[in-house]
Amino acid sequence: MKELLETILSPAFGYAILRVTTPILFAGLGAAVTELAGVINIGMEGIMLTAALAGVIVGALCESAAAGLAAAVAAGVLMALVMAYFSLNLKTDIILAGIALNLMASGGTVFLLYVVAHDKGVSSSLASPVLPQVRIPVIDQIPVLGEILSNHNVMVYVALLSVLVVSYFLYRTPYGLRLRAVGENPDAADSVGISVHQVQYVALIISGILGGFGGAHLSMGYVSWFARDMTAGRGFIGIAAQALGGQTPIGTLLASLFFGMTDALSNFMHFIGIPSEFVQMLPYLATVVALALYARRQVTRRARLARVNRPVEAGTGAAAEGD
Amino acid sequence: MNGTTRTTDYLFQVYRTLIAVFLALVLGFVITCFVSEMPLEAFGNFLLGPLTSVRRFGNVIEAAIPLVFTGLAVAIVFQASQFNIGAEGQFFMGAVAAVIVGIVLPLPGVIHVLVCLAAAMAAGALCGWIPGVLKARLGASELVSSLMLNYVYFRLGVYVINYHFRDKEAGALVSWPVRETSWLHQFLQPTRIHWGILVVAAAVVFVYLFLYRTRWGYALRMTGLNINFARYAGISTASVIVYSQVLGGAIAGLGGAVEMLGIHRRFIWMMMPGYGWDGIIVAILARNNPLGVVLGALFLAYMRTGADIMARMTDVSAEMVTVIQGVMILLVTAQAFLAGWRHRIVVREATRRKEVPQSEGAA
Chain A
1 MKELLETILS
11 PAFGYAILRV
21 TTPILFAGLG
31 AAVTELAGVI
41 NIGMEGIMLT
51 AALAGVIVGA
61 LCESAAAGLA
71 AAVAAGVLMA
81 LVMAYFSLNL
91 KTDIILAGIA
101 LNLMASGGTV
111 FLLYVVAHDK
121 GVSSSLASPV
131 LPQVRIPVID
141 QIPVLGEILS
151 NHNVMVYVAL
161 LSVLVVSYFL
171 YRTPYGLRLR
181 AVGENPDAAD
191 SVGISVHQVQ
201 YVALIISGIL
211 GGFGGAHLSM
221 GYVSWFARDM
231 TAGRGFIGIA
241 AQALGGQTPI
251 GTLLASLFFG
261 MTDALSNFMH
271 FIGIPSEFVQ
281 MLPYLATVVA
291 LALYARRQVT
301 RRARLARVNR
311 PVEAGTGAAA
321 EGD
Chain B
1 MNGTTRTTDY
11 LFQVYRTLIA
21 VFLALVLGFV
31 ITCFVSEMPL
41 EAFGNFLLGP
51 LTSVRRFGNV
61 IEAAIPLVFT
71 GLAVAIVFQA
81 SQFNIGAEGQ
91 FFMGAVAAVI
101 VGIVLPLPGV
111 IHVLVCLAAA
121 MAAGALCGWI
131 PGVLKARLGA
141 SELVSSLMLN
151 YVYFRLGVYV
161 INYHFRDKEA
171 GALVSWPVRE
181 TSWLHQFLQP
191 TRIHWGILVV
201 AAAVVFVYLF
211 LYRTRWGYAL
221 RMTGLNINFA
231 RYAGISTASV
241 IVYSQVLGGA
251 IAGLGGAVEM
261 LGIHRRFIWM
271 MMPGYGWDGI
281 IVAILARNNP
291 LGVVLGALFL
301 AYMRTGADIM
311 ARMTDVSAEM
321 VTVIQGVMIL
331 LVTAQAFLAG
341 WRHRIVVREA
351 TRRKEVPQSE
361 GAA
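So the protein sequences, as listed, match chains A and B. Numbering (this note's numbering) for the first sequence: 1 to 323. Numbering (this note's numbering) for the second sequence: 1 to 363.
Each hint should be verified, as a subset may be incorrect.
To be verified - Just so you have them, the derived chain A footprint on chain B, three or more residues with Cβ under 8 Å:
1. 134-145
2. 181-189
Said to hold, decoys possible - The following residues of chain B were derived to be distant from chain A, with all beta-carbon distances above 12 Å:
3. Met38
4. Arg55
5. Leu126
6. Leu198
7. Ser239
8. Trp277
9. Gly292
What the hints assert, rightly or not - Partner residues are not named here, just some residues of chain B that face chain A (Cβ under 8 Å, in silico):
10. Val14
11. Val35
12. Phe83
13. Thr322
14. Thr333
Please keep in mind that the hints were generated in silico from the structure rather than gathered at the bench. Backbone N, C-alpha and C define an ideal beta-carbon position, used for all residues, glycine too.
With these hints in hand, go ahead and build the complete structure from the sequences.
As structure tokens, this is what we get:
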């Protein structure tokens with residue numbers, strides 16, 4: 001018990017939480033943007049995985065972390081575009097398109113890795129660069145906070161910054177309003193001249209960029225190599241995080257931190273005799289419970305609205321007939 | 001009249017599926033040409049390898065058996081226009097339940113097998129019931145809930161096996177072996193084809209009869225076609241949603257049990273094996289028809305076996321096949337793919353049909 005408390009209260013634990021939260025947060029933000037635009041992006045997993053491999057390969061070829069990062073983002077966007085083209089132009093069910101993308105990424109990356117590095121497991125034979133760590137000037141000097149917040153690789157800060165940027169984009173720009181309008185009611189948005197198609201393309205591209213960042217963090221920051229299926233469900237956890245966080249960037253951040261914390265915590269629970277499996281189960285159970293509670297609230301609210309609106313609806317109906 | 005339109009549509013769907021499969025294979029060949037020094041040999045092994053020996057063809061059948069179960073499980077739920085990503089977890093828990101019963105209970109031969117299968121079906125059904133009820137009662141997305149529950153079931157299963165049934169003398173993280181009385185015996189040397197094949201056949205026939213010959217199956221399909229129409233027609237769509245998920249769960253759980261008792265005989269999965277996702281591919285290829293599921297599963301298993309042979313014999317790795325599978329899903333499910341062609345067929349038929357009464361009228 002004492003060991004557990006010591007671990008949890010140490011700054012290193014806070015540092016670890018931020019590190020494991022980052023890829024979940026990227027995936028969550030990307031999924032939140034698409035969800036708000038009315039398209040569900042199950043393909044986050046595949047987008048991140050492809051980006052992670054692209055970052056390692058191009059980074060190693062160009063001997064530059066910046067080139068690797070650019071390639072990761074480009075790969076993420078490319079995957080998102082494939083998904084957008086099939087689901088929006090060719091009318092493939094977007095969920096099935098996402099599943100197909102994940103499948104192709106899972107096998108395709110191993111295939112490519114074998115072609116490039118002649119290894120099916122990890123890319124350790126490639127000398128791939130890592131993203132720089134950032135020492136934050138003032139905060140670095142503060143005792144505990146500095147140890148938690150400073151000295152992360154640059155993507156951790158990009159993730160935190162993305163929360164603000166995505167928030168601003170969604171709630172403070174005209175395009176963000178349009179995007180949310182499309183998700184709320186595509187027909188209504190269409191009737192006022194918003195191109196639903198274009199908005200959903202943009203939303204998917206944004207999720208591709210964020211997924212690209214997430215992938216780069218995994219293979220060029222979190223560790224310095226690519227391993228098969230290294231996303232390990234983080235794309236799906238991101239989808240859970242945005243569901244738990246009610247599709248808002250801040251909510252997604254909090255939910256991602258919760259997921260990150262249970263992930264970091266699960267390694268220490270055996271100290272107090274709780275199997276780590278139960279701790280690892282927690283975020284998923286929480287998501288299901290939150291989903292159920294949220295849906296229940298919607299049901300009661302809709303029922304109340306229906307009761308309140310009934311006389312009004314009857315009135316407008318009569319008026320319409322009168323016209 | 002309606003009949004001909006439906007036949008045309010059905011034929012069109014079949015053609016489109018075949019064209020999608022063909023295009024995906026062509027893409028696979030192009031990729032092979034890029035990466036291999038012996039592309040023809042590699043692709044030849046991929047396409048024809050499984051036919052070259054009894055053992056290899058046996059591998060196809062063995063690999064198809066679990067795919068039929070998850071394919072059926074997904075197809076049932078898809079037919080009700082519900083999503084099912086939960087087959088993965090249901091299959092997993094079915095396997096866990098079967099292994100526990102297989103280890104713990106001392107029962108005589110055939111009865112032991114039946115009890116294992118029943119336990120697995122109950123476990124799978126329970127796993128499917130949760131997303132079904134959440135959707136039917138509260139309208140909570142079954143997609144997200146079943147996706148999340150997969151992880152819950154996975155951790156739960158790993159916990160149960162690791163903490164209570166782990167064989168500490170074995171080198172890897174595996175359970176004790178199940179009692180021999182619970183085995184589904186392999187009867188066709190040199191393959192590993194086992195009596196689970198009878199269970200597969202029973203499951204296919206049952207699902208077919210259920211969907212097309214019972215009122216519950218009819219209600220399920222009506223709900224899938226148009227949930228509002230079904231509701232106005234007096235069908236309890238909420239209960240349809242629940243029982244489609246429960247039945248799907250039971251079939252997926254059964255599949256987990258058959259795979260355990262027929263092939264592995266002890267619990268070996270410390271990662272999610274992925275059969276639930278494969279089931280989605282199979283159901284898509286089969287267009288949710290239970291008889292088509294058998295063909296879809298055999299086809300997928302054939303491709304996988306071919307890919308393994310290709311990887312063993314040549315310089316192309318087996319993962320190439322996942323790209324082919326992905327393209328296949330994308331094209332088969334693309335509503336707009338070849339839609340122009342379909343439109344022309346429908347128009348041609350409509351004009352032809354219109355001409356007949358007109359000529360009669362003229363006469």
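Results of checking the hints against the structure:
no.: 1; hint: 134-145; verdict: holds (count 8)
no.: 2; hint: 181-189; verdict: violated (count 0)
no.: 3; hint: Met38; verdict: holds, 15 Å
no.: 4; hint: Arg55; verdict: holds, 24 Å
no.: 5; hint: Leu126; verdict: holds, 14 Å
no.: 6; hint: Leu198; verdict: holds, 31 Å
no.: 7; hint: Ser239; verdict: holds, 17 Å
no.: 8; hint: Trp277; verdict: violated, 7 Å
no.: 9; hint: Gly292; verdict: holds, 17 Å
no.: 10; hint: Val14; verdict: violated, 18 Å
no.: 11; hint: Val35; verdict: holds, 5 Å
no.: 12; hint: Phe83; verdict: holds, 7 Å
no.: 13; hint: Thr322; verdict: holds, 3 Å
no.: 14; hint: Thr333; verdict: holds, 5 Å
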